[in-house]
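Colleague: Given these sequences and hints, build the entire structure.
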Amino acid sequence: MEGLLPDLEVVRKDFPILGRTTADGLPLVYLDSANTSQKPQVVIDAMVDHLERHNANVARAMHLLGAEATEAFEGGRDKVAAFIGAPERDEVIFTKNASEALNLVAQTLGLEGAHRVGPGDVVVTTEMEHHSNIVPWQMLTQRTGAELRWFTFDEAGQLDLSQVDELITERTKVVTFTWVSNMLGTVNPVAELTRRAHEVGAIVVVDASQAAPQLPIDLAAMPVEERPDVVVFTGHKVVGPTGIGVLWGRRSLLEELPPFLGGGEMIETVTMERSTYAGLPHKFEAGTPPIVEAVGLGAAVDYLAGLGMEAVHAHEQAITAYALEGLGTVPGLRVLGPLDATQRGGAISFELAGVHPHDVAQVLDVRGIAVRAGHHCARPAHAKFGVQSSTRMSSYVYTTPGEIDALVEALHYTRDYFKVG
Amino acid sequence: MSAELDALYQEIILDHYKNPHHKGLRGDPSADGTVEVHHVNPTCGDEVTLRVHLEEADGVLRVQDVSYDAVGCSISQASTSVMTDLVIGKPVEEAMGVHEVFLTLMQGKGSVEPDEEVLEDGIAFAGVAKFPARVKCALLGWMAWKDATSQSMTTTAQGGDDD
Ligand SMILES: Cc1ncc(COP(=O)(O)O)c(C=O)c1O
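Going down the list, the protein sequences come from chains G and W.
Residue numbering for the first sequence follows my numbering, starting at 1 and increasing by one per position.
Residue numbering for the second sequence follows my numbering, starting at 1 and increasing by one per position.
Hints in this document: simulated from the structure, not taken from any laboratory.
Accuracy of the hints is not assured; some may be wrong.
[Stated by the list, open to error] Derived pair list, reagent style BS3-like, types lysine-lysine, alpha-carbon separation capped at 27 angstroms:
1) K109(W) to K130(W)
2) K79(G) to K13(G)
3) K90(W) to K23(W)
4) K109(W) to K136(W)
5) K90(W) to K146(W)
6) K146(W) to K136(W)
7) K130(W) to K18(W)
8) K23(W) to K384(G)
9) K130(W) to K419(G)
10) K130(W) to K146(W)
11) K419(G) to K136(W)
12) K18(W) to K136(W)
13) K109(W) to K384(G)
14) K419(G) to K23(W)
15) K109(W) to K146(W)
16) K419(G) to K90(W)
17) K146(W) to K18(W)
18) K23(W) to K136(W)
From a predicted model like this one, the values you see are computed outputs, not experimental measurements.
Modeller: See the structure below:
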């Protein structure tokens, strides 16, 4: 099959968990990578080695281990900056996850400062967002008296760009959207939306939680007018550990935003009257940061860079095309989202007529196949399709065509089991 | 493989799923002794709107009717259907007792022997207790019923005080 990673079997060996079996001795077919990805041995080893040999707090410990830990932690930042082509490494802020990164932006935009969102202002988002990119903006607009407005999308899962002129106006202060949808798989036009938002002076915040694992990202190479002001993603979906997220932000914006959390590390001086704040990136990293997680994330993005993000993307597209074809053979199955693999990401949500997603996932689980059933933290998007929930398969660098065959076969079996059709 | 599934998806469960009992909201939601609640399972989005009507006769408070609208998986739908069979017409105290027995079964991780005398079709859910992720599904309708019934009892009791 064209497009697959050339050393797929070798890649699979890098992920020790893929060698385990279910209680019945069945091989594991992990098709829930959009939820969280598995971790290669190099990431596990890097974290263990750090804890075994270099552990200390960072930036404040004046000794050998402190210096080594600081170097390892800041090394993680360098690797992440390189992975996304950040114009400056100090523009990379470590958070707890993507959700915290989005909250950081939404919360600080409600505070005193040049970009403060207030009554009468508009924040624009889309109906295909993850709850993590809806709720923080609801909180901001409710607190400040601003208005939250939404791009809709059509049957094919594409944003309705005819709304651009109506939604992106002089009143619009923030435009936020997901690069790749975690439910529909849609890839949104980042350059075009960003350019339009910048024309009215709005700040653009992009949720790259599903894009960073799959697409080559080179921020520095983007024309400034088409480059978002903030891009966030989460470590655990790019073969890194949980507990760490990334916020990249344009330096001039991050400097103008007030701090988010207060504490150690984020200050310059503290007196009882007032404090002055540290420069980037530390201004937004209060307290002891996720140190070993940053080490693991650095190893993770190096691993992906080693595979080559162009090759990762090609693999994802090949598997996605093969999966769409296979799912098409299952009677009563409806894919919720774009049907052209070249126009979408690797998460495929679907409905199976007559069988509830919970029951689909249960039957698959007994066969060792892990998928997600539910609303995938995207209830508004499900409501658009008139469904409560769906089943979602999502592949990654270690997914094989044989695993897709197993899924399709199991879906046929599921229909038989529930006697539909 | 299929034996494990069959332990979960008992014929009785699939029957109730395909032909749910007492489904569809009935009665006047604002009538005395009637309470309507809406419960969701936040992890999967299953939802139930459930209406309970309690009535007192000869000093005994009874579950006069339970009706509902719901969307969800086979386990949550079948469990709600079985629940209505078990509680409708019973004195509230007795119905609450059945609820307790069902709850114990569900929380027993598969170690509790179900009592057919009390649970009737409800014994089919014994297998669900071995699937921790599905216990919440089996309890959705029951929890809604308990909530609505407790609320109705408080309002009925207050109503009684006025007499
Ligand atoms: C598109 C999208 N945004 C945000 C998130 C939130 O990521 P996290 O839970 O790691 O904060 C996810 C993952 O669940 C996602 O898929």
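Colleague: Now tell me if each hint is right for this structure.
Modeller: Going through the hints against the structure:
no. : hint               : result
1   : K109(W) to K130(W) : holds, 5 angstroms
2   : K79(G) to K13(G)   : holds, 24 angstroms
3   : K90(W) to K23(W)   : holds, 18 angstroms
4   : K109(W) to K136(W) : holds, 13 angstroms
5   : K90(W) to K146(W)  : holds, 14 angstroms
6   : K146(W) to K136(W) : holds, 14 angstroms
7   : K130(W) to K18(W)  : holds, 23 angstroms
8   : K23(W) to K384(G)  : holds, 25 angstroms
9   : K130(W) to K419(G) : holds, 24 angstroms
10  : K130(W) to K146(W) : holds, 23 angstroms
11  : K419(G) to K136(W) : holds, 25 angstroms
12  : K18(W) to K136(W)  : holds, 20 angstroms
13  : K109(W) to K384(G) : violated, 38 angstroms
14  : K419(G) to K23(W)  : holds, 22 angstroms
15  : K109(W) to K146(W) : holds, 22 angstroms
16  : K419(G) to K90(W)  : violated, 35 angstroms
17  : K146(W) to K18(W)  : holds, 24 angstroms
18  : K23(W) to K136(W)  : holds, 20 angstroms
Checked against the numbered hints given earlier, the structure breaks hints 13 and 16 and satisfies all the rest.
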